[in-house]
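J.: Spelled out from the first residue to the last, the chains are:
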Amino acid sequence: MTTALDPTSASSVRSLAPSSTGSRIILLLLLIYVPLAAYVMFGPQIGALKHYVLIPAIPAVLLLYGMAVRAWRDSTIAVIGATLVFFWLLIAVSAPYLPILDPNKPIAPYALPGAVKNGVTFLLGSDLRGRDMLSRTLWGCQRVLVWGITATSIAYVVGATFGLVAGYLGGWWDEILSFICNVLLSFPVMVLFILILNYLGQSGFNIVVAVTISSAPAIMRIVRGLTLDMRTRDYIFAAQTRGEHPLWIMMVELLPNARGPLIVDACLRLGYTTVAITTLTFLGLGLQPPDPDWGLMIKEAATAALVWKFTYMLVIPSIAVSSLILGFNLMADGLRELSLKD
Amino acid sequence: MQFAAQTPRDDAVPVLECRNLSISYFTRGGEVPAVIDFNLKLMPGQSHGLVGESGCGKSTVALAIMRYLGKNGRIVGGEILLEGRNILTMQGAELRRLRGSQIAMIYQEPMASLNPSMTIAEQLAEVPIYQGGVGRQEALQQARAMLERVRLTDCDRLMNAYPHQISGGQQQRVVIAMALLANPKVLLLDEPTTALDVTIESGIVDLIGDLSRQFGMSMIYVSHNLGLVRETCDFITVMYSGEAVESGPVADVFGAVRHPYTRGLFASIPVPGADKNTRPLVAIPGQLPAPGDRPRGCNFGPRCEFFVAERCGMQAVPMVRPQGRADRLSRCARVDEIDWNAAPRTTGNRPAPVIGDVAVKVDALSKSYGRVKANDALTFDANVAETVAIVGESGCGKSTFARILMGLEEATAGSLQVNGLDVAKLPVQKRNRKTVVNLQMVFQNPFDTLNPSHTVGSQIARVIRKLGGTKDRKAIEQRVRELLDLVKLPHDFMHRRPRQLSGGQKQRVGIARAFAGNPAVVVADEPVSALDVSVQAAITELLLDIQRDEKTTLLFISHDLSVVRYLADRVVVMYLGQVMEQGSADAVFSPPYHPYTEALLSAIPIADSSISKRKVVLSGEMPSPSSPPAGCPFSTRCPYVLGELCREKRPPVHEFSATHNIACHLPREQLLAMQPVIAVPSEASDA
Numbered sequence: 001m002t003t004a005l006d007p008t009s010a011s012s013v014r015s016l017a018p019s020s021t022g023s024r025i026i027l028l029l030l031l032i033y034v035p036l037a038a039y040v041m042f043g044p045q046i047g048a049l050k051h052y053v054l055i056p057a058i059p060a061v062l063l064l065y066g067m068a069v070r071a072w073r074d075s076t077i078a079v080i081g082a083t084l085v086f087f088w089l090l091i092a093v094s095a096p097y098l099p100i101l102d103p104n105k106p107i108a109p110y111a112l113p114g115a116v117k118n119g120v121t122f123l124l125g126s127d128l129r130g131r132d133m134l135s136r137t138l139w140g141c142q143r144v145l146v147w148g149i150t151a152t153s154i155a156y157v158v159g160a161t162f163g164l165v166a167g168y169l170g171g172w173w174d175e176i177l178s179f180i181c182n183v184l185l186s187f188p189v190m191v192l193f194i195l196i197l198n199y200l201g202q203s204g205f206n207i208v209v210a211v212t213i214s215s216a217p218a219i220m221r222i223v224r225g226l227t228l229d230m231r232t233r234d235y236i237f238a239a240q241t242r243g244e245h246p247l248w249i250m251m252v253e254l255l256p257n258a259r260g261p262l263i264v265d266a267c268l269r270l271g272y273t274t275v276a277i278t279t280l281t282f283l284g285l286g287l288q289p290p291d292p293d294w295g296l297m298i299k300e301a302a303t304a305a306l307v308w309k310f311t312y313m314l315v316i317p318s319i320a321v322s323s324l325i326l327g328f329n330l331m332a333d334g335l336r337e338l339s340l341k342d
Numbered sequence: 001m002q003f004a005a006q007t008p009r010d011d012a013v014p015v016l017e018c019r020n021l022s023i024s025y026f027t028r029g030g031e032v033p034a035v036i037d038f039n040l041k042l043m044p045g046q047s048h049g050l051v052g053e054s055g056c057g058k059s060t061v062a063l064a065i066m067r068y069l070g071k072n073g074r075i076v077g078g079e080i081l082l083e084g085r086n087i088l089t090m091q092g093a094e095l096r097r098l099r100g101s102q103i104a105m106i107y108q109e110p111m112a113s114l115n116p117s118m119t120i121a122e123q124l125a126e127v128p129i130y131q132g133g134v135g136r137q138e139a140l141q142q143a144r145a146m147l148e149r150v151r152l153t154d155c156d157r158l159m160n161a162y163p164h165q166i167s168g169g170q171q172q173r174v175v176i177a178m179a180l181l182a183n184p185k186v187l188l189l190d191e192p193t194t195a196l197d198v199t200i201e202s203g204i205v206d207l208i209g210d211l212s213r214q215f216g217m218s219m220i221y222v223s224h225n226l227g228l229v230r231e232t233c234d235f236i237t238v239m240y241s242g243e244a245v246e247s248g249p250v251a252d253v254f255g256a257v258r259h260p261y262t263r264g265l266f267a268s269i270p271v272p273g274a275d276k277n278t279r280p281l282v283a284i285p286g287q288l289p290a291p292g293d294r295p296r297g298c299n300f301g302p303r304c305e306f307f308v309a310e311r312c313g314m315q316a317v318p319m320v321r322p323q324g325r326a327d328r329l330s331r332c333a334r335v336d337e338i339d340w341n342a343a344p345r346t347t348g349n350r351p352a353p354v355i356g357d358v359a360v361k362v363d364a365l366s367k368s369y370g371r372v373k374a375n376d377a378l379t380f381d382a383n384v385a386e387t388v389a390i391v392g393e394s395g396c397g398k399s400t401f402a403r404i405l406m407g408l409e410e411a412t413a414g415s416l417q418v419n420g421l422d423v424a425k426l427p428v429q430k431r432n433r434k435t436v437v438n439l440q441m442v443f444q445n446p447f448d449t450l451n452p453s454h455t456v457g458s459q460i461a462r463v464i465r466k467l468g469g470t471k472d473r474k475a476i477e478q479r480v481r482e483l484l485d486l487v488k489l490p491h492d493f494m495h496r497r498p499r500q501l502s503g504g505q506k507q508r509v510g511i512a513r514a515f516a517g518n519p520a521v522v523v524a525d526e527p528v529s530a531l532d533v534s535v536q537a538a539i540t541e542l543l544l545d546i547q548r549d550e551k552t553t554l555l556f557i558s559h560d561l562s563v564v565r566y567l568a569d570r571v572v573v574m575y576l577g578q579v580m581e582q583g584s585a586d587a588v589f590s591p592p593y594h595p596y597t598e599a600l601l602s603a604i605p606i607a608d609s610s611i612s613k614r615k616v617v618l619s620g621e622m623p624s625p626s627s628p629p630a631g632c633p634f635s636t637r638c639p640y641v642l643g644e645l646c647r648e649k650r651p652p653v654h655e656f657s658a659t660h661n662i663a664c665h666l667p668r669e670q671l672l673a674m675q676p677v678i679a680v681p682s683e684a685s686d687a
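Chain order of the listed sequences is D and W. My numbering puts the first residue of the first sequence at 1, with every later residue one more than the last. My numbering puts the first residue of the second sequence at 1, with every later residue one more than the last.
Okay, chain W solo, but in the shape it has when bound:
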């Protein structure tokens, strides 16, 4: 969704301006510079996106604008001007009036932003009472009106509810309402939708865009998701390791990138048109420098493919205007020399793996916890060396399925055959060793995937000893080294504790551990969703490489359709415990679609300007799993709902090919006539 970028009047005062802002944290180890020489100009009515990976300083900038840096953070240089006034000199009462009335902030975790012991009405009413000095009745009326403006339904119930009684999406809308009640001039959003499901996220993003136009507010949108920023902001600043490396209007930056880091980011995002075999993702090599250990010249230098020591490595690089682009800035010493249209260095073509016979066969698998049906008659197959993606949002039952497959739960009905053996009702203690060895898992949260008290080497060694059968110390140590090579980690990581590793490194160890016993089937439960964008690319490529070499069946559970489209051979779409659609990746991502798949596809933000997307926004929330609709579970939110038929009767399964089927009441012709959601131009360009 693009907003018309307002061209600022010549004498317009920027509503917010950061000049040469430098922020440092003072820790036990000394001063750690977090943000260096940051500049930003926010005009009235504009929305500005701040993009970068973890550790780049974007959240620090947002907190500094709120003057909320905590005990050991301090602004060590520069100024922040709000409508021309330097807010760094404000203290006490003046600062309190500033926060919440001129500048409002929306945080990542909506549950943490709301007071759990006050009703929504009381919390919302606090804002006009404190800021505007109105009476209580008036404040409550204003609060109710604002709840309707943020498109919440059932407002009367919400007013009297406590935060834990409403869903995450509703909570975030309440937080937005609270921010808007103060009628601020600047709205800061720090990753407001990261904790939410993708269909809820698109609703909130839509809302924010609408509201900012209605209220004429300026926005600073901090995010790590390039696609999201492209769809919501007018201007963008990309940050790397504490510095802004590129800025300019969104369409221009996405159309003509002018910094190697931004270029690297685009190459590592799976956009439609990328293909895992012929055009794989290109991860940015190397690692983020530690804050106290930045290189002498350009911060990005050690990882840059265009690095030239004499030009880039001698002194700090200032922001310059690239030739021919007046409204762009780039922190690159060679910005006018590099050929930006050349394709990034890729690892070249990868031979497609040969897909074999059925390895995992799921037949009418069901699992109920009392009245809650977590899995309802799941049926699909996975073949040898194939990547099957199971897609769905939280609450759809994909984690329950993973647990049944791994033997941590027992199914209540149906069968789950792995290499001929039915494991649906077989807990892991009762399985024979070969089955246990052949079924391994890569977990979602890299911070919890390793035991913090043991070294990396000892944890991998334990797996080898338990699953590989070898007891010989030397052989085990040799195998540990081989596995570390497989996941491209240096050998001396063997002696390190998990707390000394980064998130991406921990996930690599998790993968090494999963593949230690040469399993036939690996379940990857959202293995990259907790990682940074450039690290995601590296880990995804690693998984694909190993899978191709070992001919493993990969069951990839995810809610991120862009990654799924990139690496899946077959896709299974789940909603509230039932399979809505399944088929090969190409078949699922092109019409005919199940209405839910259509909405999911439309919800993914795309970081490629050449691709156009049709908008489908869902209303409402996922029904509670303990009281699902008797018919199709998606009927409460479906834009094509056929009334009683959909709500009461289970949908029939339409087969569109040997492998592609859709469970829907809509007639075949209507499904076949659906327009594609995403139009990839015939020659997709690398943005």
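Bound conformation, chain D alone:
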């Protein structure tokens, strides 16, 4: 860091700016998320760009994985979890460039894993419509990850805002927001999802709405608890006696200090959201065919797999989903372990 004042260089700006590690992490996360979201959500809109938009995300994933492993090397559990999650992230961003078959092209149905039919080797078999299982499994993680991360992030923004307001401002704000959250929390989650999706219709965006409505109350509770604890600290008094606006205090003084527990919760919640999205798709309420999606694959295989020979059609996407969720849970556990150690 520079100590001499250089009026023309950017370093003097940086000297009072937030830490570079935090910004680097945020930059890498954006570099992964934005291309992936663009690819999955706005595929048709971006046209030819589709083929190139994911390229910067691949080194970003690898770099972030390296940073995560180094930072969490004291916790084996966190590293295992991170490996699982980043494996699927890598697959998600590099799926278009892998040497695998077209996931939507029917070739030869009911091929067992390892079988060769029509001159094509099906490493994991083919499903009842003849599409390659390996390719569908690998492509299937894209939508789950993108919609899961988007939904959880938006739920966090909403939940954290309400939590900060309820915890810091207190009074009527707290009463009303807590009441709304208690009402929403008293619904069984699946019932809430089904109600909302039936009402709004089935699409990825509506899943985001449904996840937000069901997750935000829990997040709001956590953030409210953290805020209530931090509200009486001296640095908040110092900000108040400066005459800072409550919004500024909430965003700049309180929120950054809540990140520890929130990150652990985020990992867990990504797991829950993945389960939710997969279940919804399985129930026919979520993302629509024909694009590969694990929930859809499980649904389609449900009847065929009753025959023992064809259970692979069910087991393979199930293992894929489970491994991703396990990854999130292990990461959450490991991070909690690490935060207790300090």
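Because the hints were derived from the structure by calculation, they are not lab data. Do not rely on the hints blindly, as some may be mistaken.
When the alpha-carbon atoms are kept at most 20 Å apart in a straight line, the in silico SDA-like pairs for lysine to any residue are as follows [claimed, not checked]:
#1 W:Lys-466 with W:Arg-481
#2 W:Lys-425 with D:Ala-37
#3 W:Lys-466 with D:Gln-240
#4 W:Lys-466 with D:Ile-249
#5 W:Lys-361 with W:Gln-417
#6 D:Lys-50 with D:Ala-68
#7 W:Lys-71 with D:Glu-337
#8 W:Lys-471 with D:Ala-37
#9 W:Lys-430 with D:Glu-337
#10 W:Lys-430 with D:Gln-240
#11 W:Lys-466 with D:Ala-37
#12 W:Lys-551 with W:Val-358
#13 W:Lys-434 with D:His-245
#14 W:Lys-430 with D:Ile-249
#15 W:Lys-430 with D:Phe-187
Knowing the structure of chain D, use the given hints to seat chain W on it.
T.: Here is chain W on its own, set in the frame of chain D:
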């Protein structure tokens, strides 16, 4: 309170002996030596004080004696002998019998030492049942008897109460009772009174002294408070950075110091006779070395004014006997060469600040929360460039007053004028910018005073931007550097996070932040009470320097009368929301006294052997703020209470001079006839 030091018989076996004890912690970063080559001999009936600042290893020694070092601490060398037997080899059942029956320990936080889900009776009864094997009824009787011996009143209610239903002082007495029920040979006390108010503290210290004489127990008293150790112990060992640097009988060590660190400690404690302008405190320069980074020779070398590289910096310094003092030990290579009677290097005379007109005027200020009257008709003034100290124990309402002044609360009645503007009912959002800029605060807890997520520089810059009005990045950065210079911190602290700073450094940043906008009035809410003794001196001197240069009015809230006596020009003594006495510092600290002031003065431990102190111990507890006495709030504990008059009627205010008044029912003559509590000899010596 001095106990007669027992001269040990020639063949007496020390009840506890530590020989060359070395303890290390094993962390992620490797082995961290916490205690190196520690020696201690505790004879039956003696009390031995272990003194040092945070990080010196004194608590580690106490925990090691209990064999309770935790997962990553280990005794890596030496032995601990209890009546001749090495206790380091004990395991399992033998160790459990040792703890609690032969050695008992009393910790700092009484609330944390008691089981919140069991009544006091059940917890106390556990000790004789488990250790002595007696029946339940017998155990409960013993428990009740012990509660009376620790001078608790209302024992029947206490027996059936839960820990959260009794006060801190009572809790600590219960913990002491629990320790005594086992009739241990050695009692370890780890800062037992740090969490308590000063009048409660003096009661507990008195009790411990009495009991140890009655029971014939030996005591190891771990503390950072030199004055307290002087008043309670026979022997003292001073520790620095994991090593014992000086030991010997208390009177001898305090009368004739033989180590530069101890000398530095004495010079940084505000004893009566120190004066902020003519004889300021001398802080020990430099910082404690990090445990993995100790210097090659003497640990204290880099900070020592007598350091000579060839003698002190080449190899580890052993404990030696100073010439002519058979019962003393000192870890100083130059112990016989240094002139110990020379006065410490001081920064010399400081010109007294010129005190101006009224800056803050408080008139009948009251604040009630429902039925609880936190502030009741406060009336006093503070002038420009003056230091006004507001003194009182917890629950007296001084923090509420600070909050009203800063605009975080609104008063229910009365006025509070700052430079002409009445801010009593004006919350901070409604105040104009000039008022906000002119009223800033330094907070008590250095660990909470800075936001842990932002760098130091960005936090100071925010204050400058908000209060100073400048938006220019360069100008702001320049001002941040100026402020860091003002508080004597290096410029590159700008980029550090608070977790990389020590407590004293964080408090300096807090001061820099408070003075960033050039305020006219600064409220300092116990700014040094959470810091080590030598750091306290540095921060106190810093505040005084800045105040003198900027001509700021300093409102210093504290419960520590020794610091208050050192730096206050005027003193306001509060009790349960009311002003008991106010006046100039000299007037308040000499007779006539309000009875509460007298008790407060008597409660402060003094680290200077040449000063004699009259003892006044209060009984009872502060009444609950929701049901105060109708008359004088101090009537429940006052040794001079006049019965119904004091309890029913509000006391009148006697004026003893233009600035000195006392609110008391006692007649003027009786107040004027009070003897001084502290007698400073005409030529106060630097101990």
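J.: Does each hint hold? Answer for all of them.
T.: Do the hints match the structure? See the list:
Straight-line distance between C-alpha atoms of Lys-466 of chain W and Arg-481 of chain W comes to about 17 Å, which keeps the hinted pair within the 20 Å bound. For the proposed pair Lys-425 of chain W and Ala-37 of chain D, the alpha carbon gap of about 53 Å is over 20 Å, so the pair is violated. At most 20 Å may separate the alpha-carbon atoms for a hinted pair to count; Lys-466 of chain W and Gln-240 of chain D meet this at roughly 12 Å. With a CA separation close to 13 Å, the supplied pair Lys-466 of chain W and Ile-249 of chain D stays within the 20 Å bound.
With a C-alpha separation of about 5 Å, the suggested pairing of Lys-361 of chain W with Gln-417 of chain W holds against the 20 Å cut-off. Restraint check for Lys-50 of chain D and Ala-68 of chain D: not satisfied, since their Cα atoms lie roughly 28 Å apart, outside the 20 Å limit. A distance of roughly 16 Å separates the Cα atoms of Lys-71 of chain W and Glu-337 of chain D; the hinted pair therefore holds under the 20 Å criterion. Taken as a hint, the Lys-471 of chain W and Ala-37 of chain D pair is broken in the structure, with Cα atoms around 38 Å apart against an allowance of 20 Å.
For the hint linking Lys-430 of chain W to Glu-337 of chain D, the alpha-carbon distance of about 46 Å lies beyond 20 Å, and the restraint is violated. This hinted pair checks out: Lys-430 of chain W and Gln-240 of chain D have alpha carbons roughly 12 Å apart, not beyond 20 Å. For the hint linking Lys-466 of chain W to Ala-37 of chain D, the alpha-carbon distance of about 39 Å lies beyond 20 Å, and the restraint is violated. Of the pairs offered as hints, the one joining Lys-551 of chain W and Val-358 of chain W holds, with about 13 Å between alpha carbons and a cut-off of 20 Å not exceeded.
The straight-line distance between the Cα atoms of Lys-434 of chain W and His-245 of chain D is roughly 17 Å, inside the 20 Å bound, and the hint therefore holds. Simply put, Lys-430 of chain W and Ile-249 of chain D have alpha-carbon atoms about 17 Å apart, close enough for the 20 Å limit, and the pair holds. Pair hint Lys-430 of chain W plus Phe-187 of chain D does not hold up; C-alpha atoms about 43 Å apart against a cutoff of 20 Å.
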